[in-house]
Every structure is written in structure tokens, then in C-alpha cells.
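K.L.:
If you want the building blocks of each chain, they are given just below.
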Amino acid sequence: MEEKGRIGIPRALMFYRYLPLWRTFFERLGWRVMISDGARQKEKIIYFEDSCLPMKLLVTHAVQLKDKVDHLFIPRLVSIHRTYIMCPKFRGAPDIVRIATEGNLSVIDEMVDLRERGTSLFQSFLKIGEKLGASTQESKRAFREAEKSFSKFQKDWVDRVNQLPAAKLFETDVPLPPVRRKAPFRVAFIGHPYNLFDIDINKDLLALAKSLGMEIITADLLSEKEINREVSDLSKEIYWSSGREIVGSLFHFLSGGVDGVIFLTSFKCGIDALLQEFIKRRLKVRGGSSVPFLILSFDEHTGREGLTTRLEAFRDVVEQGKTDNT
Amino acid sequence: MKVTFPHLGSMHIFCKAIAETAGIPYILPPETSRKTLTLGVLHSNECICLPFKMILGNFIEALQMGADTIVMVGSGPPCRLGLYDLVQKVILEDMGLHYRWLTIPPRLSWKALWKNHEETKELRKELSAKNVLFFPYGLWMGWKKMMACEALEKLAMKVRPMELKKGETQKRLKKALSWVDEAKTPKALEEAIREGKPLLQKMEQDHSRIPFRVAIVGELYTVMDPHINRGVEQKLGELGVEVTRTSWFSNHILRSLRKNKADRASERVRFFEASKAYLGYDVGAECNISIGEAILRSEEGYDGIVHLMPFACMPETTASGILTKVGRDRDIPILTIILDEQEIEGRIQTLLEAFVEMLEWKKRAA
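Protein sequence lines correspond, in order, to chains A and B.
Its first residue numbered 1, the first sequence is counted upward by one per residue in my numbering.
Its first residue numbered 1, the second sequence is counted upward by one per residue in my numbering.
No lab work stands behind these hints: they were computed from the structure.
Backbone N, C-alpha and C define an ideal beta-carbon position, used for all residues, glycine too.
Nothing false has been slipped in among the hints.
Straight-line Cα separation of at most 30 Å, DSBU-like style, residue types lysine-lysine; simulated pairs:
no.: 1; chain 1: B; residue 1: 121; chain 2: A; residue 2: 236
no.: 2; chain 1: A; residue 1: 131; chain 2: B; residue 2: 325
no.: 3; chain 1: A; residue 1: 127; chain 2: B; residue 2: 325
no.: 4; chain 1: B; residue 1: 111; chain 2: A; residue 2: 225
no.: 5; chain 1: B; residue 1: 115; chain 2: A; residue 2: 284
no.: 6; chain 1: A; residue 1: 280; chain 2: B; residue 2: 115
no.: 7; chain 1: A; residue 1: 236; chain 2: B; residue 2: 111
no.: 8; chain 1: B; residue 1: 121; chain 2: A; residue 2: 284
no.: 9; chain 1: B; residue 1: 184; chain 2: B; residue 2: 197
no.: 10; chain 1: B; residue 1: 35; chain 2: A; residue 2: 280
no.: 11; chain 1: B; residue 1: 2; chain 2: A; residue 2: 236
no.: 12; chain 1: B; residue 1: 115; chain 2: A; residue 2: 236
no.: 13; chain 1: A; residue 1: 284; chain 2: B; residue 2: 2
no.: 14; chain 1: A; residue 1: 66; chain 2: A; residue 2: 203
In silico negatives: residues of chain B with every beta carbon more than 12 Å from chain A:
no.: 15; residue: 143
no.: 16; residue: 155
no.: 17; residue: 166
no.: 18; residue: 185
no.: 19; residue: 201
no.: 20; residue: 205
no.: 21; residue: 209
no.: 22; residue: 234
no.: 23; residue: 296
no.: 24; residue: 331
Pulled from the structure, derived: some chain B residues nowhere near chain A, Cβ distances all over 12 Å:
no.: 25; residue: 2
no.: 26; residue: 11
no.: 27; residue: 30
no.: 28; residue: 38
no.: 29; residue: 71
no.: 30; residue: 133
no.: 31; residue: 134
no.: 32; residue: 198
no.: 33; residue: 244
no.: 34; residue: 345
no.: 35; residue: 366
Bound conformation, chain B alone (with noise of 0.2 Å):
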């Protein structure tokens, strides 16, 4: 048995850490690049979403170099991100790829639990006693990875705006994530953010620098993945500016858990309220999150709010007609970028520009 699964942000680093300290053999597919999205294109139907496409590239990659089990996380209607498995399954059948695929329920229920079950009959004939001992500890490793990975992104977009080199947080985020990656031990990974956070917090800053704040919102893949999005986070945050999201696996994780009582989780209740205004019902996916999310921020003063989907998005097409009437009530600038798999690298970033000028130009302006 190898395990494989698909790459989202920095979710490779604790998914391996589960399959590693619970000793389950993965393969871990290669980093998305060029590549990973045309073999996903090329498999797929163009109005399908970017995110069908690259987790569908990641699969055929993996699989390709010897993976054979597809662990993938479940979800629900009404948008199509819930019926992804059941097109990707028949894809890489009629491509010839031999996999077997292991859902992780999306909401705990019995009748997910169930499914689970015989989805994992013959593979856990395949794991080992230490295997299954082990897998607990797994879990908590690769949570706290995530956390550790999370803390550290997030003091990262905080200090990118004040970096005097640019590029260099970036650098140093990078190399921080690859300590974390690599502790086998909780100790080591102890010590990795120990030595992680102050690599961030001790690079030369411009203190005096008051950057701009705005909010990422939009499709969760897209906001969560510098790859789909070609860095938009990093590019912003070179540009001056301070992103904040409120995208995290640990937010996703607490919610399909039901945690929702836990004060990150409960975020998300009151973006939802807000949304309200302009939106009489739960459109799903991230749709009345992001507009909610777009109302509150520009009452928190925030100066702009960058609004990422997928070309053909379902439920972030209905966001985005009515983000563009929130950013004329509230008067906040809101810029949509739909991404696809076109080459666009190039213009998100003049586009950014344009943005922040914008932004100084209001500023001035007030």
C-alpha cells in the first residue's frame, strides 16, 4: 500500500507527518508546477473548476509513480467540489490508473462513518499493528504541524508589508516550513518552531511603514493554495501590504467537526449573518462567508478586500455580482480575480499594483 494525497498550501507537510509517524508508506505527489495542471486539463472539461484540475494533475502524478490508495476529504452538495471524487474516480479509470480511494468524512454522521468502513475493509488488512497503534499519535503530530505551519504563515504575512529585502520573508518562511517538515519527534518539532518564529521576527524590518490591511475571501482552494493563485498573499504582501484570511485548515477542520462554539469557528457565524443583507439564503461553499467576511472587514476599517474564485465557480460567481455592489455601499475597494489555467501570473501581478496604487490614491484622498 501507498498512500497518496493532494497538494492544498502547506497541507503535504502534515499529511506526511501522519502517514510517517504512523509508518504508513505514501508518496507524497510532486509539487504542483505547469505540468501537474495541464495533465489535469487535459483530463478534465474546461468549465470545470481550477481546483478539479489540479487535485485531479496531483492524483495522476502520484499515481503514475507508484501510488495505489487516493486519501481525499469528502464533501457535500450543493456546490460541485461534492461530486469530485465521483468524476476523478471514472477519469482515472478510463485513463488506465489503478488506485483504490479512502474518504475522510467530511461531517461526522454514522452513515459517513459507515462508507468509511468498508472503503477501508481491504486496505486496513494491509496495515500493520504499529500502523494502527501509531495512528493516533499520527494525528496529533500532524496536528500540530498544521498549527505550527499556520502560526507561522500567519506571522509571516504580518511582517512581509515591513521586510527592507524584498523576497526575504518569503525566503526565510520557506525555510522554517522545511524545519517543520522535517522534525520526526515532537521535541524537534518543538525546537523548529522555536527557532521558526524569531527567523521571521528577528529579519530587517521598516518598523515606520503603516502598510494597508485587506482581507483575502473567496473559494477556499483558491485562497488557501499559492499555486492556483499565483501567490497572490506574497505578491500583496511585497507590495506593502497586510493580508489577513480567515481560511486555515484548523477553521475548516473545527467547523466540519462541529466545534463551532470555539471562538475562530464562530467567526465564520457572524460573517454569515452579515451576509445577510444582501444574500436571503445559504447560497454554500464559501459564497455568503466571503460577502459577510467583505461587510465586516470594511467596518473594521480595513482598506481593501481581494476576492480570489475559480473560473466558473458556482457559488463565488453569485459572490462576486454581489461583492461588486458591498464594495459601492461601503465604499471599499474589492477586486476579483478569477483563475484558471491560463498563464496569468503576469497580470495578477499588474493587477495587484494597480490595486495598492489605488488604495494610496484613496488614502490621499481622504
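This is chain A alone, in the form it adopts within the complex (with noise of 0.2 Å):
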């Protein structure tokens, strides 16, 4: 199929959750897409405005690709869950970038509100395909390509986090190494999904935490119904649905079934700060957990040094535990 043109996609915020979906739909229908290498380096990080350390990052990405592309794809996403919405922070992110591009630069800024009634994910992107001159018919067979192809990553996820390198890991034609053999610790790494697999935010935390033995666990193993056990009983609903799956897998994950859990963050980040105290208080007033729990927080420091310090402490209050247990 002949070419139409570049789109832009910043490695940034759910970048790291739906790469393969969107990517995918953009290809079917005849375009190229273009993704952003990342900053690597602090000087690179562009500080248009003061806000978190994701946000600033996709300001970076956004500015890295806005001379290569044709239009850059920024989804507006209010809500993707059918009750709980995303940070407030992301229903701007499409305006904020455009100003940050200052240029003329065509950004794809599509809502995603799946909280309404009659709403679904497909007629969103039925008319991002319309913004780009598919037909209906083109963009319905698109879209279900691109779930079939999402699915199927999906499948291989847990595989493809312990076995591929996290810059390896939303390349969708690299293929799973055969399985190495089973690493000591079961380790609970909990945390928005651009916490826990952009490079430049975590300085590589997973691969670090694997050259320790740990095997990594994250909450997509966990379905809807764990996660909702663990927060039902709230004297209050937390309404971001990331803020739900994170005080939910937290919860669970402390209460046993793994060797140790790790949460992520990163500086700025509201939804983390506030939920934060409340896991940390909330788990005192209930006497504690038996499960080792480390908190990092990442901001623009790019030194490792003190991250492999505490990550093999950790370990070794993990392996401690694991052999005090039997």
C-alpha cells in the first residue's frame, strides 16, 4: 500500500499500555508511524511547564518529532474505564503539547470518554480514521486488526516484561527468548504503566531487579474483581481508575502471594502522592503487612547508584523473609 504519511507518536504516559493497539491502526490504514527515541539525557527533558516528570516527558517526545511527522497523535483521555476516569492532567495534555510544538503542527487530539452511555473505544477511532480520510469500512477492519494484534500481545505481556529488555518491549516483531531458568523472588512492581517501563523515568529499574533474581509481577494479572475486592470497602470511592488498580494490587499483593512489592512513582505525580500516604497509613492502622514494601519515588536525578543500593537491600530483606518463612 502506497504511503499517506507520518504519524507521530510520543513515547510517553499510555504509550506504555496501548503502543501496539494504535500503532497498528495507523499502519492498516496505509500510514506510517513514527515514535520518538526517548531523552536518555537530562538536558534533553524540555520543562514547558512544572508538572510531573511523565508530563514533562511527553512534552520532550512531542518536540523531538514535531518536524518529521505529519500529524502527532495525542488522544485526549478522559476516561478509559467505564466508571472511573484518568488523571485530570491528561484531559489538557493534547493543548499543552500544541502550545509547547508552537507550531502548526497537526495533533490528533481525539476523546476517549468511555464513561458514557453508548460510547466505546471503536467510535473513537472511527473518527480519528475519519480525520485521516479512511472510510468506515477502512477504519472498522483497522481498528479490529488493531485488537486482534493488542490481544495477542496482551497474552505474551507477562512473558515479554521478564524476558525482553524494557526498551525491547513494545517492539511487537521482536520475538520472546526461549524462557531462562525461574528467578528466586516473585516481586510485586506496582505503578501507572509509564513508571514502570519508560527507561527514562525508572533509569531501567526492571533490568536491575532482574540481574538481582527477581521475577517481575505486575498488576495485569490481577482481574477487575481482586482489584475492586481490595477498595469496595473504602469510606470512599477513589475515582481514577489508575489510582484504583494501584491502592487494589497494592493491597492484594501485600496481603501474601508474593515475596516482596515494590511501588513506583514518580515526583509531582497528585494521584500518587496523595494515595501514597494513604496505602502507607492505612496499612499501620490495619498492623502492618509481612510482605516487604519498598517505595521509589523517580524525578529528573539520573544517578543509578542509590536506586542498585536500596533495590539490593531489598533483596536482601526479601531473601531474608524467604528464609525465615521456611
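Build the complex: two chains, separate frames, hints provided.
P.N.:
So, in C-alpha cells, the structure goes:
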């Protein structure tokens, strides 16, 4: 098929969950998808607004792409769940990028709000297709294929996380290497997907963890029901879908099933700051947990030494806990 | 039962009036101080917004003084304000403080009323017939006092840039507000207003001055509470600026009662519409309003905008990014002040002085 043009997807925020879906959709419609490289160096981060690190990275990646593409894809993710919403910053993200890129670059900022009755992700993508000049038939076919490749991707997800380096996680054409021997410790890594998988944020924490003999468990393993069970009796409902997932999965794993739990947050993340306090206090009020628990907060600092020390110490605690129990 | 409520601007005056008139025992938390803030900071996370810490500090101090029932206005998505109670409750519990929590529904709905009904089940047993009977009267008194406070504060904003003796307006405003506070009957309240207004109006003033006009926009706690914003309103006034703001209790209450058709509340609708030039969706809280107000004020010929927000505030962070662009596009100076627990009163004074000086240059150049 003839190439219609280029669509840029910044390697930031929900890229770290939905890339295979987005990419397949655009490619099937005949567009070439360009993905930004990443900041890698602190000096390259653009401080357009005084926001959290993931937001700053979105701006950085978008600016990196702006002269290379015809359209920039930054969906306005209001809600990707039937009931719960995304962080309010996502609502203004396309506008911030539009101002930061300072040009007449076209930003595809179709809204995704699944709370309203009769809305679906498919409809949002139909509109995107329409904007790109595709017929309903074409969009429909592209979306169906995108969904297919996304669900295939999700099926292998847990293995990918454990067997591939973080930089290659979202490259669907990279095949899964054969299973290595089983890691001695099962450790749950909880946080927003971009905190977990963006190596510009977490300094490739997962690689470090793997080298220390940790098998990486993520909240993706839990069903919504299991998460709801942990947060259903709260005095007030947590209305951010990501916040719910974090609190629910933390409580789930802290009550057992894994050898350790690590919570990754970004400095200035509003949701994490508030819920982190909630988690710590509630845990204390309820008499603590026997599972070792570590909270790591990331910012622009690039040094890995502190991180290494903390993770090694955590591994020792986990190891100690394991020998005590057997 | 001893009821308590957080501080926010002059809110204590009319919350007190409601409790007092209805004969409900209450404990007023000590005026927000460095100690209050220290307590709040100590028991929360660094990146939680400043209002959370202030309110938590108020509650801790009030509970330590013997209060046992917290009354707090509820809120909802998308910003963190809607989950303050969830987290504050568990913090207080962890600190070993005992309390009961009563949420005032932010919007009247059956669900909210039911929750309120559940929460007040126990409390109602402790209320006497007199309390219940006088409660509507208390609400009425509270409303009257709120309107009186707002009228006095608005008047003070008007006369402050004209004052001959620096600080005189603030002194007189405090006195007038204390009269309102002390009034026990509607008659006494009327008298307090009748005497309070001239106290400000008849102050020695230099009427030849033409003050700059600056609008304060931003997150509502930081705009409305002088403890949180370290008296930005007063400081600007004393630098010869006539300050305007649209965050007032009456506006916010009327809005939550869905009386949007009233003139004052519809201003908000205008601001929201104006913000659409830059922002494609309602980000939540005051974000869109801050942007829209800045745009419309620039069209109305205001000289500048001061944008206040707590550190790490989610909606206002987005607003501040966009406001930079608004300022450039509309040629209106916008000063964003980010507030946290740091002792920055001196710095704010310097910032505001520089800002006003800049307004002067701009005027001279024009």
C-alpha cells in the first residue's frame, strides 16, 4: 500500500500500554508510524510547565517528533474505563503539547471517554479514521486488526516483561526469547505503566531487578474483580482508574502471594502522592504487612547508584524473609 | 458533641454563626499558624497539595482541643480535593485521634443525601429539639453573615489602594469583621454592617490615585485564604492595586446548588466558554476558569493577572502552562505564584513589588 504520510506517537504516558493497538490501527490505514527515541539524557528534557516527570517527557517527545511527522497522535484520554477517570492532566495534555510545539502541527486529539453510555473505543477510532480520510469500512477493518494484535500482545505480556529488556518491550516484531531459568524471588512492581516501563523515568529499574534475581509480577495479572475486592469497602470511592488499580493491587500483593512489593511513583504525581499516604497509613492502622514493601520515587536525577543500593538492600530483606518462612 | 470545621478565609465567622444560633456546641480551631501548617506537613506527603495540609492541621488542632465531630464540605472528581476525606480520616485514625465525620454534600443528589443521612444517624440522637428547630434559622444567620463578610471584603479591596496610611484598611476591615462575628441577632448584624461599611468608606483616602486593576485567579483555597497565600490580596492592595476575584463563598455555594442562572454564577460560564480557545476540555476544578478569566479580564482592560496555585496542584499546573501563552498572546502580564509550606512571605512581597513596577513601566511605555 502506498504510504499516506507519517504519524508521530510520543514515547510517553499511555504509550506504555496501548502502543500495539495504536500502531496497528494507523499502519493498517496506510500511515507510517514514527515513535520518538526518548530523552536518555537529563539535559534534553523540556521544562515547558512545572508538571510531573511523565508530563514533561510527553512534551519532550512531542517536540522531538514535531518536524518529522504530518500528525502527532495525543489522544485526550478522559476515561478509559466505564466508571472511573484518568488523571486530570491527561485532559489538557493535547493542548499543552499544541502550545509547546509552537507551530501549526496537526495534533490528533480525539477524546476517549468511556463513561458515557453508548460510547466505545471503537467510536473514537472511527472519528480518528475519518480525520485521516479513511472510510468507515477501512477504519472498522483497521480497528479490528488493531484489537487482534493488541490482545495477542497482551497474552504474551507477562513473559515479555520478564524476558525482554525494557527498551524492546513494545517492539512487537521482537520475538520472545526462550524461557530462562526461574528467578528465585517473586516481586510485584506496582505503579502507572509509564513509571514501570519508561526507562527515562525509572532508570531501567526492571533490568536491575532481573539481574538481582527478581521475577517481575505486575498488576496486569489481577482481574478487575480482585482489585475491586480490595478497594470496595473504602469510605469513599477512588475515582481514578489508575489510582484504583494501584491501591487495589498493592493491598492484594501485600496480603501475600509474592515475596516483596515495590511501588514506583514519579515526583509530583498528584494521584500517587495522595494515595501513597493513604496506603502507608491504612497499612499501619491494620497492623502492617509481612511482605517487604518499598516505595521508590523518581525524578530527573539520573544517578543509578542510590537506586542500586536500595534495590540490593531490598533483595536482602526479601531473601531474609524467605529463609525465615521456610 | 463538639463540632469543628476547617479555616478558609472568613468561613469560621459564618460556620460559627450557624452552630451558635442553632445552639450546637462547637470548637473553633485556632487561627491557622505556622504550627498548624507544621502539623499538617508532618502528617502528610510532600507532594500533596497545600490546602490538604492546612485543613489537616486545623483538624488535628481542633481535635486536640476536644472537638469530636468534623464537618467538611465534600467534593468530587477529578482533582484530589474529592478524596481529601478518605485520606485525612485514615491519617487521624493512625494518629490515635477520635472523630466523627460529617460530609456536606457538594451537590444535592439522592445519593449524597442518603450518605448524609447515614452519617448523621448517630449524631442526630445527640441533638436537642432546640438544635433541630433552630438549625434553619442558623443557616439563615450564617448566610447573612457570609454575605456581610463578603461585602466588607469587597469594599476593602476597593478602598485599600487609596489608603493614605498603609495598613489602615486591613485594621479597619478586621474590626468590621469582628463586629459581624460578634453579632448574635439579625438586628445586631444589621447594625454591624451599617457601622462597618462607613468605617472603611470614611477612611482617609487619596481619591486622585488611579489604581492598577489586577484579577486574582487560581485554585480556590489559595485564592480565598490569606493564610495560604500569605495575604497576596492585601499586599497587592497596599502596593496600590485594585484587586478583583471571582472566588467567593456565595459564588461557589450558588454554583453547587445549581443556581447557575443567577448573574454572578453565569460569569463562570462566560469564563469557561472563553477558555475553549486554548483548552479543549474541562480539566476540572478551577483550571478552565483561571484561563477564561485571564482572557476576559485582559479584554476588559485589566492591567495584570495574578495566578495562585498550590505546589503540585493537578489542574492548575495545566492552567499555568497555558496561561504563559495567554499572557503572550494577549499582552497581559501574568504572575503565577506557586505556594507550599516554605516560608515565602518575603519572597512573595518582592515578587509582587516587581510585578507592580513592571505594570508601571508597561503603562509608561504605552
